[in-house]
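J.: Residue-level listing of the chains:
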Amino acid sequence: MATSDEMYQAVIIEHARSPRNYKPLVTPTHHCDGRNPLCGDEVSLDLTVDAEGRITDIGFQGQGCAISKASASMMTAAIKGKTVPEARELFERFHALVTGEPTDEKALGKLVAFKGVAAYPMRVKCATMGWHVMMEALDENREKRPNGSEQ
Amino acid sequence: MTALASSLRGTFPVLGTLSRGHPMIYLDSAATAQKPQAVIDAMTRFYTQDYGTIHRGVYQVSERATLAWDAARERVAHFLTAATADEVVFVRGTTEAINLVAESFLKPRIKPGATVLVTEMEHHANIVPWQLAGAKTVPIPISDTGELDLVAAERLLAAGCEMLAVCHVSNALGTINPVVELCRMAKRHGVPVLIDGAQAAPHLCIDVQAIGCDFYCFSGHKVYGPTGIGALWAKREHLAKMPPYQGGGDMIDLVTFEGTTYAPAPRKFEAGTPHIAGAIGLEAALRWLDALDRVALRREEEELLAFGTGLLAEVPGLRLIGSAREKAGILTFVIEGVHPHDIASILDHDGVCIRAGHHCTQPLHRRLGVQSTARASLALYSTRDDLEKLAHGLVKIQRMFN
Ligand SMILES: Cc1ncc(COP(=O)(O)O)c(C=O)c1O
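If you read the sequences in order, they're chains A and D. The first sequence lines up with residues 1 to 151 when you count with our numbering. The second sequence lines up with residues 1 to 402 when you count with our numbering.
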């Protein structure tokens, strides 16, 4: 059985307390806001993607629990400098990790700290909120959808 | 542990189980209460021995079900100190009761945009149905301790409104509102009153006649009964004039293709095959409650609340929200630097079940200037030990994040 220490790893608490890239970008190329109406959590995400499709800068802001804040923070650190397809692949790996599906944990690096979330299905949304907003922001077809939300 | 609580605890099977590998400490009774064996047995007996529909069959189980259904209505009337069981309508719960009143009572009386007076502490269930019926909801303000501003209430009533809808006990603050006084004030202005009794029914002895309201409602699942059943009490003269809420079987007198006449109240409002087992479970719950010394239990709850309030005050960085003089067993709080979801989640790892979020009171949270809160709520099986485990967990969490 997972214990609280398994979900609330030191690195998660540390990121929740001092999130990285916690800022709006001045001239983002992509932006999306996400909200979880059930818990009221919010995240607002800016990205700058260059002509080659590489994420050169990323910033987020929001209200949320330690899991959602730390996840968004560690995501920004993990995808900065990556190409869009690389970011998507990392999201898929991360999603598998927190839902208890097999995945290449080594490729996830520090993000493996979220493995404990898999034992708590109600918290998967918290851990993936920032990621969903990021994917939504990068989605070319987004304009056709009514609204950007976390899921 | 108080004497009564400890003797009652054993009759709730769930409380003897493990949660995440730890003995379960259930502190979310304001959301829904656990069930005593008496309720579980009554429903099992119905399904295993007496199951049949009501009002339609001439055979034995249908007759038994019909009698049980009628007995449940009598029991609810007694629980609410109603003059007659004909004033009790079975509904799914508080939410449906308020929607019924909004749709069948308010809507035909008003022009769109008319005012329904509510309070800043209302549950969404006592805000949204009025808006759906075309009314504008105007809140009576509260003080920082979570008490209604009665001067403002008087002023707002005088300014004119079609209805006053207020909770008897707040699910987020625990405040017990002065409903008798509010009804007296409303009456002077000719304004009908609905009291949302969802949180009062488990804690207080209810007397709808003494309160002087027009409508009162509660949910079975919060008074130790099943989900999917609750009751709306309404003055007979209102029920007689109100059009049906839904059409279907059971609510009719005579049906032709040209038109239909309806059964008298309360059946006029009970279309379709109802939650018979639910009513039987609710009857068992209220009978079980009736056999207890509720005045003594209320005193014990007050002591337990004071004990819990003291314990939480010692947790560094904790701020209690809601400190009305008259308060039911609800402890809502925030801890500096810790999100309520993390509080609830970490407590859960140790088997302690509390609620985090806005508790269906977003306008109240906005008024209080907080996004979300954590809430521990008491029932008559709650003990000092439960609250000590809670406080112990909170101290640990506070250290973890600060
Ligand atoms: C004060 C109050 N009103 C209304 C409700 C709605 O009750 P239900 O969901 O049982 O219809 C609740 C319960 O959540 C409540 O606490």
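Keep in mind that the hints were calculated from the coordinates and are not lab data. Do not take every clue at face value.
To give an idea of the chain A side of the interface with chain D (calculated C-beta under 10 Å), a few residues [stated by the list, open to error]:
#1 E6
#2 M7
#3 V11
#4 Y22
#5 V26
#6 C39
#7 G64
#8 A66
#9 K69
#10 F91
#11 E101
#12 E105
#13 A118
#14 P121
#15 M122
#16 R123
Calculated lysine-lysine pairs in the DSS-like style (CA-CA distance at most 27 Å, straight line) [claimed, not checked]:
#17 K396(D) to K110(A)
#18 K115(A) to K125(A)
#19 K136(D) to K107(D)
#20 K125(A) to K396(D)
#21 K82(A) to K106(A)
#22 K110(A) to K80(A)
#23 K82(A) to K125(A)
#24 K396(D) to K115(A)
#25 K82(A) to K115(A)
Where a beta carbon is used, it is the ideal one built from N, C-alpha and C, also for glycine.
J.: All hints, please: hold or fail.
T.: The hints, checked one at a time:
1. Checking E6(A) against chain D: minimum C-beta separation of about 9 Å stays under 10 Å; hint holds.
2. At its closest, the beta carbon of M7(A) sits 7 Å from a beta carbon of chain D; the interface hint therefore holds under the 10 Å criterion.
3. Using the Cβ-Cβ criterion of 10 Å, the hint placing V11(A) at the interface with chain D is not satisfied: the shortest such distance is roughly 13 Å.
4. The restraint placing Y22(A) at the interface with chain D is violated, with a minimum CB-CB distance near 15 Å, outside the 10 Å limit.
5. The beta carbon of V26(A) is not positioned within 10 Å of any beta carbon in chain D (closest approach about 27 Å), and the interface hint is therefore violated.
6. Interface restraint check for C39(A): the shortest CB-CB distance to chain D comes to about 5 Å, inside 10 Å, so the restraint holds.
7. Because the smallest distance between the Cβ of G64(A) and any Cβ of chain D comes to about 7 Å, under 10 Å, the interface hint for this residue holds.
8. Evaluation of the A66(A) hint against chain D yields a held restraint, the C-beta minimum of about 5 Å falling below 10 Å.
9. At about 8 Å, the closest approach between the beta carbon of K69(A) and any beta carbon in chain D falls short of 10 Å, and the interface hint on this residue holds.
10. A hinted interface residue such as F91(A) counts as satisfied when its beta carbon comes closer than 10 Å to some beta carbon of chain D; here the least separation is about 22 Å, so the hint is violated.
11. Contact between E101(A) and chain D, as hinted, is not supported at the beta carbon level, the nearest pair being about 22 Å apart and thus beyond 10 Å.
12. This hint is violated: E105(A) has a C-beta 23 Å from the nearest C-beta of chain D, more than the 10 Å allowed.
13. For A118(A), the suggested interface contact is broken, since its CB lies about 14 Å from the closest CB of chain D, more than 10 Å.
14. Look at P121(A): its Cβ only gets to about 12 Å from chain D, farther than 10 Å, so that hint breaks.
15. This hint holds: M122(A) has a C-beta 8 Å from the nearest C-beta of chain D, less than the 10 Å allowed.
16. A distance limit of 10 Å between C-beta atoms decides the matter here; for R123(A) the minimum to chain D is near 6 Å, and the interface restraint holds.
17. Of the pairs offered as hints, the one joining K396(D) and K110(A) holds, with about 25 Å between alpha carbons and a cut-off of 27 Å not exceeded.
18. Of the supplied pair hints, the one linking K115(A) and K125(A) holds, its CA atoms being roughly 14 Å apart against a limit of 27 Å.
19. This hinted pair checks out: K136(D) and K107(D) have alpha carbons roughly 12 Å apart, not beyond 27 Å.
20. Proposed proximity of K125(A) and K396(D) is supported: the alpha carbons are some 25 Å apart, at most 27 Å.
21. Only pairs whose Cα atoms come within 27 Å are accepted, and K82(A) paired with K106(A) is accepted, the gap being roughly 17 Å.
22. Of the pairs offered as hints, the one joining K110(A) and K80(A) holds, with about 14 Å between alpha carbons and a cut-off of 27 Å not exceeded.
23. With a CA separation close to 24 Å, the supplied pair K82(A) and K125(A) stays within the 27 Å bound.
24. Restraint check for K396(D) and K115(A): the C-alpha separation of about 23 Å stays at or below 27 Å, so the hint holds.
25. A C-alpha spacing of about 22 Å is found between K82(A) and K115(A), which places the hinted pair at or below 27 Å, so the restraint holds.
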